[in-house]
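Novice: Listed here are the chains, written in short residue letters.
2 protein chains.
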Amino acid sequence: MQIWKEYLDNNKDRFIAELFSLLRIPSISAKSEHIAHMKECSEKIKFYLLEAGADKVEIYQTAGFPVVYGEKIIDASLPTVLVYGHYDVQPAEPFELWNSDPFEPVIVDDKIFARGSCDDKGQLYMHIKALEILLKTNTLSSNIKFCIEGEEEIGSPNLESFINANKNLLKADAVLISDSAMISFETPSIDIGQRGLVYIELELTGPNRDLHSGIYGGAVANPINILSKMIASLHDENNRIAIPGFYDDVLVSSAEEREKLALAPFNEAAYREELGITNLYGEKDFSTNERTGIRPSIDVNGIWGGYTGEGAKTVLPAKAFAKISVRTVPNQQSKDITALLINHLRDNLPDGVTLKTQSRLGIEPYLTPVESNVYKAAAKAIETSFGKTPVPVRCGGGGIPYLFENGLGIHVVFMGFGFDNDNIHSPNEKFGLENFYKGIETIMHFHKIFKDLNVTK
Amino acid sequence: MQIWKEYLDNNKDRFIAELFSLLRIPSISAKSEHIAHMKECSEKIKFYLLEAGADKVEIYQTAGFPVVYGEKIIDASLPTVLVYGHYDVQPAEPFELWNSDPFEPVIVDDKIFARGSCDDKGQLYMHIKALEILLKTNTLSSNIKFCIEGEEEIGSPNLESFINANKNLLKADAVLISDSAMISFETPSIDIGQRGLVYIELELTGPNRDLHSGIYGGAVANPINILSKMIASLHDENNRIAIPGFYDDVLVSSAEEREKLALAPFNEAAYREELGITNLYGEKDFSTNERTGIRPSIDVNGIWGGYTGEGAKTVLPAKAFAKISVRTVPNQQSKDITALLINHLRDNLPDGVTLKTQSRLGIEPYLTPVESNVYKAAAKAIETSFGKTPVPVRCGGGGIPYLFENGLGIHVVFMGFGFDNDNIHSPNEKFGLENFYKGIETIMHFHKIFKDLNVTK
Chain Y
1 MQIWKEYLDN NKDRFIAELF SLLRIPSISA KSEHIAHMKE CSEKIKFYLL EAGADKVEIY
61 QTAGFPVVYG EKIIDASLPT VLVYGHYDVQ PAEPFELWNS DPFEPVIVDD KIFARGSCDD
121 KGQLYMHIKA LEILLKTNTL SSNIKFCIEG EEEIGSPNLE SFINANKNLL KADAVLISDS
181 AMISFETPSI DIGQRGLVYI ELELTGPNRD LHSGIYGGAV ANPINILSKM IASLHDENNR
241 IAIPGFYDDV LVSSAEEREK LALAPFNEAA YREELGITNL YGEKDFSTNE RTGIRPSIDV
301 NGIWGGYTGE GAKTVLPAKA FAKISVRTVP NQQSKDITAL LINHLRDNLP DGVTLKTQSR
361 LGIEPYLTPV ESNVYKAAAK AIETSFGKTP VPVRCGGGGI PYLFENGLGI HVVFMGFGFD
421 NDNIHSPNEK FGLENFYKGI ETIMHFHKIF KDLNVTK
Chain H
1 MQIWKEYLDN NKDRFIAELF SLLRIPSISA KSEHIAHMKE CSEKIKFYLL EAGADKVEIY
61 QTAGFPVVYG EKIIDASLPT VLVYGHYDVQ PAEPFELWNS DPFEPVIVDD KIFARGSCDD
121 KGQLYMHIKA LEILLKTNTL SSNIKFCIEG EEEIGSPNLE SFINANKNLL KADAVLISDS
181 AMISFETPSI DIGQRGLVYI ELELTGPNRD LHSGIYGGAV ANPINILSKM IASLHDENNR
241 IAIPGFYDDV LVSSAEEREK LALAPFNEAA YREELGITNL YGEKDFSTNE RTGIRPSIDV
301 NGIWGGYTGE GAKTVLPAKA FAKISVRTVP NQQSKDITAL LINHLRDNLP DGVTLKTQSR
361 LGIEPYLTPV ESNVYKAAAK AIETSFGKTP VPVRCGGGGI PYLFENGLGI HVVFMGFGFD
421 NDNIHSPNEK FGLENFYKGI ETIMHFHKIF KDLNVTK
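Residue numbers (this note's numbering), protein chains in the order written: chain Y, 1 to 457; chain H, 1 to 457.
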């Protein structure tokens, strides 16, 4: 579409300037001292949505930070795409590792360096600018809604209730999210799977007080030793999860799907080097991408107990604690997996030690069906602007797609334009100018293709 | 000896008053704010030794708190007993659980309540008063030396070098220590064995930074999971230590010795209730007293890693840490056991995780030979004043006997007069008046019997 390109070329500088004004606001949802910045940022999003031509732009209060809503309905009978994004960002620490001020964006080597440049202000702003171009060039052919929240970096605690309380407002045919990465321009990809999360906290209690290990050691169960045994019992010698029934509901990927996933380039040496490890470690007979994408995993996220200070103290502690999480895959249900995990731990608990468990989180896994219109539209849009069919990949975690699918009954696609090395959540976060421009173009293609697919059907 | 009894009866009140003046000094070696009290207490010990009639009473400075020395040599050709004790005490926290001021002794139900009443001021003071009585009644028939240190509650870091630097000064035929308990007046006992201690600290490192468990979980070794596996590998299904070669040097107790040890009364229900546990847990085919007395054990004393704050954080941590200790038994050598332990942990370390270990402590186990004169004298002395042959028991830990045996080449006996429920190291520490008086009497018998045994031989 030559007309889009011309408009974009003529307005590039302004687009960047607007984005910079968003990036300058330290909208860190995790830190209470930034409450005013969160408000300022939500108001700026509202302002830019209005400027772009959206209607019914409104700031919706929640129990936490507000959601900004806006829409452009050109014909209620046409398909509607709900765009999700978030205006909050990660804390910027450690500051000393940044080469420039995290909240004073700079362009170096055609990349925008700033906290939030990729995650997610830069990517959500592509959608606002796509709307502007589509409207200004009279090429919008379907309906668009925006749902921009401010709590993604703290686990979206109020998104589910917002969705469920506003089902009519958010009613759409699909959800489009740009809050992820693609492999490269040469190998564009779409993230079709997000693992779910089960998170529990354990408290083991042995004797009623810390004991002297010289006097009692060998005769009384030590909660740390027991906890270690329980954790060790979670995996077998092939690093397969050893909880009975754990894999019963796992959607087994077909050989064909595994072949497709294997198309994503993976440089093991570079991966290892980047992590500073000499060897990878995981479930036998699966590749690294499969281990993190289509296979569940269990990690201890934290452990503590006994004497952790300097020097030697010969204590046989009364208590030991751990935080343990499971990354689930379709079609594992967080409730079932929580129960299986806790029951297994209990089965490995000797008499004389008591176990208290607390379920902290249950986020369902999500998989975008590759035969869905929303996936097809994203794949076609990427093919149109990058010249290559995207590779479906499965990686990462996060429960947002599930919330939308569950609340609104529609599919979700992650069409992200960042790169894996964009340092989201780390110092020197960046987002390429080319990624930004290509993203806007692809989003515009998406809306057109999605409408065509749905209307033709 | 009627003459002893008379002197004791006539001076009881003064003895108690003197002991109270010692107990009033908060000589807490672990806390730097008590440095002045430590000095005050060592000077008071010196004063009371002089008052009792000891010669060459001297305060010896060390790299830490001083040692008080004193002696009464009546004839260099006669046997000499070296009495060890300590004037430092444990911290008194938690104060709120004390029924009276820990440093303002009171007598309730014929027991002295105060920090240090049993451990060890009350018990070491019995030895000073025994000397006084023996001298005042002209019944001292052998030589006595005193070595009273001020660092027992912090691991006696300077005792070994003091002993080795003063071998001539401390030269004796045996060491007598009252810093332990007996089962009861009806079942007097002598603690003949002290387990040794090996203490290491581990640091496991996986990736070069904390990772997002959703992105990397399942593909990268998690140091906490690995540490748990390593700890679990230390024991087999019978709770036997599973380190190859670990038991090679263990002195196997004969059926006869085990029968003797089994004579010590043990009420399992009371033991469990006191600890607040429903079941005991330890090495198969051994009794509780054997598990803590004649068998080695391994305890994790502390563990930490990952996120230990409130709520859920899905981190795959870069590091995990643990403190692990072994209670060794004769004839295990701390150096060998440290090496076996570390090698075993290394053997269970997968590629991709690195292990740093640090050896913190190595204390050798000790066993008083029941055929030695020092044991025989203690047994006979107890029999004389309690009317029953004492039961040999093995319990507890602590490296002091080994330091004397190793440094001076002589045997050590623990002839203690506390009870297990005297709350040493806990609130409401106490020491029975009867224990105090009986202790003095028994010590006087000991010196006479030990001399007779050695001179006759």
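Keep in mind that a hint or two might mislead.
Just so you know, same-sequence chains aren't split out, so a pair can sit in one copy or run between any two.
[Stated by the list, open to error] Dumping the calculated DSSO-like pairs for lysine-lysine here, alpha-carbon to alpha-carbon at most 27 Å:
{"hint": "1", "residue 1": "Lys284", "residue 2": "Lys136"}
{"hint": "2", "residue 1": "Lys335", "residue 2": "Lys136"}
{"hint": "3", "residue 1": "Lys167", "residue 2": "Lys111"}
{"hint": "4", "residue 1": "Lys229", "residue 2": "Lys31"}
{"hint": "5", "residue 1": "Lys313", "residue 2": "Lys39"}
{"hint": "6", "residue 1": "Lys380", "residue 2": "Lys56"}
{"hint": "7", "residue 1": "Lys319", "residue 2": "Lys284"}
{"hint": "8", "residue 1": "Lys167", "residue 2": "Lys284"}
{"hint": "9", "residue 1": "Lys388", "residue 2": "Lys335"}
{"hint": "10", "residue 1": "Lys380", "residue 2": "Lys448"}
{"hint": "11", "residue 1": "Lys31", "residue 2": "Lys319"}
{"hint": "12", "residue 1": "Lys31", "residue 2": "Lys313"}
{"hint": "13", "residue 1": "Lys44", "residue 2": "Lys167"}
{"hint": "14", "residue 1": "Lys72", "residue 2": "Lys167"}
{"hint": "15", "residue 1": "Lys229", "residue 2": "Lys319"}
{"hint": "16", "residue 1": "Lys46", "residue 2": "Lys229"}
{"hint": "17", "residue 1": "Lys380", "residue 2": "Lys229"}
Derived from the structure by calculation, the hints contain no laboratory data. Given the structure is predicted, the values throughout are model-derived calculations rather than measurements.
Novice: Evaluate each hint against the coordinates.
Specialist: The hints, checked one at a time:
1. When the C-alpha separation of Lys284 and Lys136 is checked against a cutoff of 27 Å, the pair qualifies neither within a copy, at 54 Å, nor between copies, at 82 Å.
2. Proximity of Lys335 and Lys136 under a CA criterion of 27 Å is satisfied in neither setting, with 48 Å inside one chain copy and 80 Å between copies.
3. In the homo-oligomer, the alpha carbons of Lys167 and Lys111 never lie at most 27 Å apart, since the shortest distance is 38 Å inside one protomer and 75 Å across protomers.
4. For the homomeric pair Lys229 and Lys31, neither the shortest alpha-carbon distance inside one copy (37 Å) nor that between copies (37 Å) is at most 27 Å.
5. In this assembly of identical chains, the alpha carbons of Lys313 and Lys39 lie at most 27 Å apart only when taken from different copies (26 Å versus 50 Å within one copy).
6. Proximity of Lys380 and Lys56 under a CA criterion of 27 Å is satisfied in neither setting, with 30 Å inside one chain copy and 99 Å between copies.
7. For the homomeric pair Lys319 and Lys284, the shortest alpha-carbon distance between copies (24 Å) is at most 27 Å, but the shortest distance inside one copy (34 Å) is not.
8. In this assembly of identical chains, Lys167 and Lys284 lie within 27 Å of each other by CA distance neither inside one copy nor across copies; the values are 44 Å within and 62 Å between.
9. For the homomeric pair Lys388 and Lys335, neither the shortest alpha-carbon distance inside one copy (40 Å) nor that between copies (64 Å) is at most 27 Å.
10. Taking identical chains as interchangeable, the C-alpha atoms of Lys380 and Lys448 lie at most 27 Å apart only when both belong to the same chain, with a minimum of 10 Å there against 102 Å between chains.
11. In this homomeric assembly, Lys31 and Lys319 come within 27 Å of each other (Cα to Cα) only across copies, at 26 Å, whereas the closest approach inside a single copy is 31 Å.
12. For the homomeric pair Lys31 and Lys313, the shortest alpha-carbon distance between copies (15 Å) is at most 27 Å, but the shortest distance inside one copy (37 Å) is not.
13. Taking the shortest alpha-carbon separations for Lys44 and Lys167, only the intra-copy value of 25 Å comes in at or below 27 Å, while the best inter-copy value is 82 Å.
14. Taking the shortest Cα distances, Lys72 and Lys167 sit within 27 Å of each other inside one copy (17 Å), while across copies they are farther apart (95 Å).
15. Within a single copy, Lys229 and Lys319 get their C-alpha atoms as close as 15 Å, and across copies as close as 19 Å, so both meet the 27 Å cut-off.
16. When the C-alpha separation of Lys46 and Lys229 is checked against a cutoff of 27 Å, the pair qualifies neither within a copy, at 53 Å, nor between copies, at 52 Å.
17. For a Cα distance limit of 27 Å, the shortest separation of Lys380 from Lys229 qualifies neither inside one copy, at 50 Å, nor across copies, at 48 Å.
Checked against the numbered hints above, the structure violates hints 1, 2, 3, 4, 6, 8, 9, 16, 17; every other hint is satisfied.
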